[in-house]
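Number of protein chains: 4
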Amino acid sequence: MIPRYSRPEMTAVWSPETKFRIWFEIEAHACDALAELGVIPKEAARTIWEKGGNATFDIARIDEIERETKHDVIAFLTHLSEIVGPDARFVHQGMTSSDVLDTCFNVQLTKAADILLADLDALLQALERRAFEHKDTVTIGRSHGIHAEPTTFGVKLAGFHAEFQRSRQRLVAAREEIATCAISGAVGTFANIEPAVEEHVAKAMDLAPEPVSTQVIPRDRHAMFFATLGVIASSIERLAIEVRHLQRTEVLEAEEYFSPGQKGSSAMPHKRNPVLTENLTGLARMVRSYALPAMENVALWHERDISHSSVERYIGPDATATLDFALARLTSVVDKLVVYPEHMQANLDKFKGLVHSQRVLLALTQAGVSREDAYRLVQRNAMKVWQEGKDFLEELLADKDVTAALGEDEIREKFDLGYHTKHVDTIFKRVFGRSA
Amino acid sequence: MIPRYSRPEMTAVWSPETKFRIWFEIEAHACDALAELGVIPKEAARTIWEKGGNATFDIARIDEIERETKHDVIAFLTHLSEIVGPDARFVHQGMTSSDVLDTCFNVQLTKAADILLADLDALLQALERRAFEHKDTVTIGRSHGIHAEPTTFGVKLAGFHAEFQRSRQRLVAAREEIATCAISGAVGTFANIEPAVEEHVAKAMDLAPEPVSTQVIPRDRHAMFFATLGVIASSIERLAIEVRHLQRTEVLEAEEYFSPGQKGSSAMPHKRNPVLTENLTGLARMVRSYALPAMENVALWHERDISHSSVERYIGPDATATLDFALARLTSVVDKLVVYPEHMQANLDKFKGLVHSQRVLLALTQAGVSREDAYRLVQRNAMKVWQEGKDFLEELLADKDVTAALGEDEIREKFDLGYHTKHVDTIFKRVFGRSA
Amino acid sequence: MIPRYSRPEMTAVWSPETKFRIWFEIEAHACDALAELGVIPKEAARTIWEKGGNATFDIARIDEIERETKHDVIAFLTHLSEIVGPDARFVHQGMTSSDVLDTCFNVQLTKAADILLADLDALLQALERRAFEHKDTVTIGRSHGIHAEPTTFGVKLAGFHAEFQRSRQRLVAAREEIATCAISGAVGTFANIEPAVEEHVAKAMDLAPEPVSTQVIPRDRHAMFFATLGVIASSIERLAIEVRHLQRTEVLEAEEYFSPGQKGSSAMPHKRNPVLTENLTGLARMVRSYALPAMENVALWHERDISHSSVERYIGPDATATLDFALARLTSVVDKLVVYPEHMQANLDKFKGLVHSQRVLLALTQAGVSREDAYRLVQRNAMKVWQEGKDFLEELLADKDVTAALGEDEIREKFDLGYHTKHVDTIFKRVFGRSA
Amino acid sequence: MIPRYSRPEMTAVWSPETKFRIWFEIEAHACDALAELGVIPKEAARTIWEKGGNATFDIARIDEIERETKHDVIAFLTHLSEIVGPDARFVHQGMTSSDVLDTCFNVQLTKAADILLADLDALLQALERRAFEHKDTVTIGRSHGIHAEPTTFGVKLAGFHAEFQRSRQRLVAAREEIATCAISGAVGTFANIEPAVEEHVAKAMDLAPEPVSTQVIPRDRHAMFFATLGVIASSIERLAIEVRHLQRTEVLEAEEYFSPGQKGSSAMPHKRNPVLTENLTGLARMVRSYALPAMENVALWHERDISHSSVERYIGPDATATLDFALARLTSVVDKLVVYPEHMQANLDKFKGLVHSQRVLLALTQAGVSREDAYRLVQRNAMKVWQEGKDFLEELLADKDVTAALGEDEIREKFDLGYHTKHVDTIFKRVFGRSA
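Protein chains in written order, with full-length UniProt numbering: chain G, 1 to 436; chain U, 1 to 436; chain C, 1 to 436; chain V, 1 to 436.
Hints are not guaranteed to be accurate.
To be verified - In the DSS-like style, the derived pairs of lysine-lysine whose C-alpha atoms are separated by at most 25 angstroms in a straight line are: (1) U:271 with V:384; (2) V:429 with C:203; (3) C:70 with U:336; (4) U:352 with V:271.
Claimed, not checked - Below, a sample of chain V positions facing chain G; criterion: calculated Cβ distance under 7 angstroms: (5) 286; (6) 296; (7) 310; (8) 314.
Calculated directly from the structure, the hints in this document are not laboratory data.
Predicted model only: the values in this text are computed from it and were never measured.
We treat Cβ as the ideally placed atom computed from N, Cα and C, and that holds for glycine.
Given only the sequences and the hints, what does the whole structure look like? Please build it.
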């Protein structure tokens, strides 16, 4: 995690404090189940919760023990026995380090997923608010970066809303993928511990028992999780690039918010750089890149090897923290985006009505002009606009062959933007369940 | 698609014949809706189905027209008018090429997904059969490639079954992602066509209407689809690598089936190479790699650019055909896998009982021996096995300090493999819903 | 290889005809060396060349034999014996299939690299021509998509020339990486064949002997080769995206060539889509993606496994053919690019002189105005330009506080574009070794 | 950088201290050149070096200023003026932040490359020592994980040496790629600064001037750099996987060094896990993954956007630190690798001479036996070895049909391992330039 691109809540998920707290809970819940099964004294299970439940684990002390024992779980258990006393000997009975490590990693990932889901909710809210605000703000739709037909800025944002709704659904599914618990021993056979313990811990920690673990929880689950983050990051990139395009000097239909006091803005007022969305573009590349090592992690040898571990030390914190930061930054960009409807209109009018040429062409055909003739009529007027800067509507109205086929009102009607926005309500209802 | 790694049914999905057939259906269903709306004559819609419904489209002729018009959809429509006659002028009214192209691509992907789902079902069936066959075939479980504790070969296969069940679920979700239809015009505003047409075509073709399209169907859907294929491929790799390990000369617990007549096998009977699973390892790398350009395809500019198109011409056919081939090949490997239970047993016995050292250690502790003493006792006997090739059980029985703490029966009991397999039924019930 | 994105010369490199021809040459050169060493009769070596040297290999016949023998090299050798007669028994003595397959693959890759080098030369030539043509065509330089300072279009193209010069150098190095030959037997020990044979074949085929092969030529070489293609593709993407930006409706400083007769262009004259460079963007994604499986191919097990083979069947032809096509297409785009210097000038003037605010600020400071005051002076005039559309130069000349510090000539001089282009010659000399 | 996978020297390269020191040097050298050109007083340039040359920059103070100014370079310059005094106003004249930032990044990358080159040298030394130590240690060569023909462990290591020699060459080239300096202003035109300044700074800092920069140094250079690291990582993975295979319980031809006191090793003496090389496998995945965002960074918009920056904050430190750590760890693994020649021999003998079947087959053919008969003879004896555990040599000597064709000495000679090792000297000479 790079501090610059991490936020406190997500950083906390990956802190040693959180990790040891989760380890404790796994062990303590397991003790409850072991006590219930009669493997350890019920009294001991109670003591463990009482003494450890509110204890502050001393990270420095655990590190000190680990330097000696070269084993993180043993170091923790040793420290726990310092806190809990003799009953600590009942902790971890029949369990394997991976039972604790893998279940903890999944708990951390579900916590991370919950933060990301909240991030998505905030983003969806911002997109919805701005979409309704600009539901009727007419703007030119572009294909290939070239003017195509009018749409509204609200429809554009509605499209992103629909995309991030899908992101949310995917993340819910991805969270479910990794919300599992394994307490199954050295090769997953439950030789030294009853399946009931796993079931109890799973339930207590709001996880599902892993159907078959092999010391480790299978890594196809994590591959799917990180691949999903990569897809969400790609959607962030799409919106980021849209903003960057809109902020281009020549387009200037919207801008990232720039605080009045922000230095350098006034002497070169045109020089407001979309640095936030550029940054998001880069962050998206990173989150996406983590999908690959996650997929390579799947093919562990036999019941497990430990090659996945180093990878996860990077991508566990980095992918979630970066995506969290990116979603929050994007929400802020959307929330405060400065929109210039008048520039949108000006761009739309750049070619003086040419954007309606298609409709005129169609109208001529429907009025009985042959396709070839209609094309020729539109073309000769279009070229005057294109080459001489004339106004398309005026040219058409002055063209006898055109007016012979179409009345003035009819021609004017073809320049009505309402034609293009008549289904905006339908689209909004699809996306938001409401159009107002 | 490389013929060597493609199968006919999947190849057919990507054939021009299939594509044009789907194009026709989209257009013809749209005509039905347009007729219902009164935009075109009902008679025309009927004629289109009657003349085009069973027509064979002449690929060479369409190619010829395309060479002239440089536009694939126009070429098709021109050819269609040669088949349908004058009523063809009612086809494609108010539609955009992308309406046809994107909806068709999604139909092809859903067809591909259906084939892959059937592949997964076959694989699951093979895994289930072999898992039950070897439910009680004891074998050594390995972590880090090193002997750990016993398990059964059936449990190993059950783990893969659970993994491919997850693959199936993911693929069902991925299929749903791309089962959408868009008929919304140049920038997705339905300016020239009613949303009702999209709804009708969607329903008729078993798709969902795309909530917001922007001339194109948003590519986050496809990114998710191809990322999912990449994860499934990674699971294939895990099983392939397991087989490759088992077939190693020194391990030889299982082998890919080798037909009796297969050349070269008898003069060098040890030289049976796991070429199928090696091949699967490579194919998995390819399918995985396609996830990345699919994710880079998401951030199209504004309402669309066409940079995704070339990518999809590669990965659409290649990813689905390769995965289809790989799943079928894997199913065949599993189905015919030659398993050597006696080699499994021999490998398990390689260190003459040492695999049980952990249980003996625990028993000594539970019998009141201090942890340090117990460790020392186990260690001195273990080293005789390791260094001098002695038998662990015999050594323990001959060690007075050990027998002072544990009775002979108790010691022998620690060497019982049943201890490790007692929960196999539980695991099978979890995976298959039955243990017999 | 997708026909649509492949060119004949590269396709030929990957044809069965080429492959078998290379196989023959490897075998025949090896026979020469074996004859020289006295292992086989010199007469036989001569016969093999005489009969096979100009023979046309019958692909269908070889396929037929392969279907029977399930072995491609044996099938070829059998067919060769049909052509050469009894002396064919001296072919392939002491050799392994991989000796032929791996050396052939490297020959194909070097041939492919040679085509790509020629492609790069053509691209460099086009870039050089256009760079000199527009050496002095002033245009606005942009950072973050926002106007920054003036530069020339020639300088922009010179930058791309420098980048593709680097591409060329990298490709030369990459070609050298894979220009090796291995004829070293089953595990690379030369047990059955003298190293002299490898040395002879290498020399005859313009390759270097592989220092240590292990049945196969080590795949780090190929990883480096394909990674290099991925980097070159990324440079293609940069130029493609530059063109796409320049062609945006609002920018329109350059356009892909659009033939006068190209349909649809006149009725919507603004609707000329940069489809070639969009296509290049997608192709770049594909070529880049192939670097990853190539890297995963490196870690073959022990002396070799065959997991790399399927990967190479895809990426060998696909990466080289796609890059060849992309380079040729890019060259054509550059060659015919329609440049609009007047639009460049208009865009540069969009903010009526504001682009020179930085120079004015500096001049005021150098004239003794405090930094704060200078900033305030520039700012108040800049804001009039920005908000009211005034002309920056006129405002400055009308501002008493400004003219108190700077003379009119001095102020006017700050608006001289020559200031920005004075080192264009230096840059051109660096890149092209000449400035005219 | 994850502390666990980073080493101090590399960490220092990426520390704020190092960064600010490099910034200072760039600025101070630029002042020298500016003084030489008469732009600033020579006295000032001297003072800057005198006061700043040995100064300790106060990171906390710089951070404090940056929080205020929101600009890292300005914060540094402000702090520098606190150290240098009034002459500091001559620093950075005509320069752009990117001039400092990009040149500094390249200096850091060259420093990182130098450390990596030293790492590679150490690894090469270790490989050479162990290769000569085991030059004649016979071991079975394996293809597909299956026994093929004998080789020596020294030859295996020589192959890795050759591979890491190539890694070294590639890294030298990659270092050259990014050893450039740009001081060219806002869009690279040298409008505000003479090219001579860039040339001076480049020379002083042992860099080459960037032929054409565009505010930034072109990112194809960095893409090539990180792609090269990815290829080197893949070679690390190959050696790591080799060790993991050799350490498998059933193979046990070599082991990572395990210190005598290392806990847990004696009670389960077989349970020594190749955790270092498993770890290296994971680290290789990470380094490889960074190549992709580096390639995506190439296509910056126009003269630059800042999307690359966030990516480089991750991969600059992470890729170099991880690779440094991995190379050092690998060197240690190679250095201390515990090799078991007797296990190698035992594995080689596993199929009692069968490994020589190929040579016997050939000898029979050369002795005039028809191919079919020779095959049958070898086969019937081979099957007795395979199925009944007989000794291949004894069986052959007892087979009248065999001895009719070949004398006993001749048969015995076919079992001579020297046959396979006779060219080891040649291979060593190729790799090391010496065979002893």
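Quick rundown of the hints versus the structure:
1. Taken as a hint, the residue 271 (chain U) and residue 384 (chain V) pair is honoured in the structure, with Cα atoms around 15 angstroms apart against an allowance of 25 angstroms.
2. At most 25 angstroms may separate the alpha-carbon atoms for a hinted pair to count; residue 429 (chain V) and residue 203 (chain C) meet this at roughly 19 angstroms.
3. In summary, the hint linking residue 70 (chain C) to residue 336 (chain U) is supported, as the alpha carbons are separated by about 19 angstroms, within the 25 angstroms threshold.
4. For the proposed pair residue 352 (chain U) and residue 271 (chain V), the alpha carbon gap of about 14 angstroms is at most 25 angstroms, so the pair holds.
5. Taken as an interface hint, residue 286 (chain V) checks out: its beta carbon lies about 5 angstroms from the nearest beta carbon of chain G, inside 7 angstroms.
6. With a cut of 7 angstroms, the hint placing residue 296 (chain V) at the interface with chain G holds, because the nearest CB-to-CB distance is about 5 angstroms.
7. Because the beta carbon of residue 310 (chain V) sits about 4 angstroms from the nearest beta carbon in chain G, less than 7 angstroms, this interface hint is met.
8. Hint status for residue 314 (chain V) relative to chain G: holds, with the closest Cβ pair at about 5 angstroms, below 7 angstroms.
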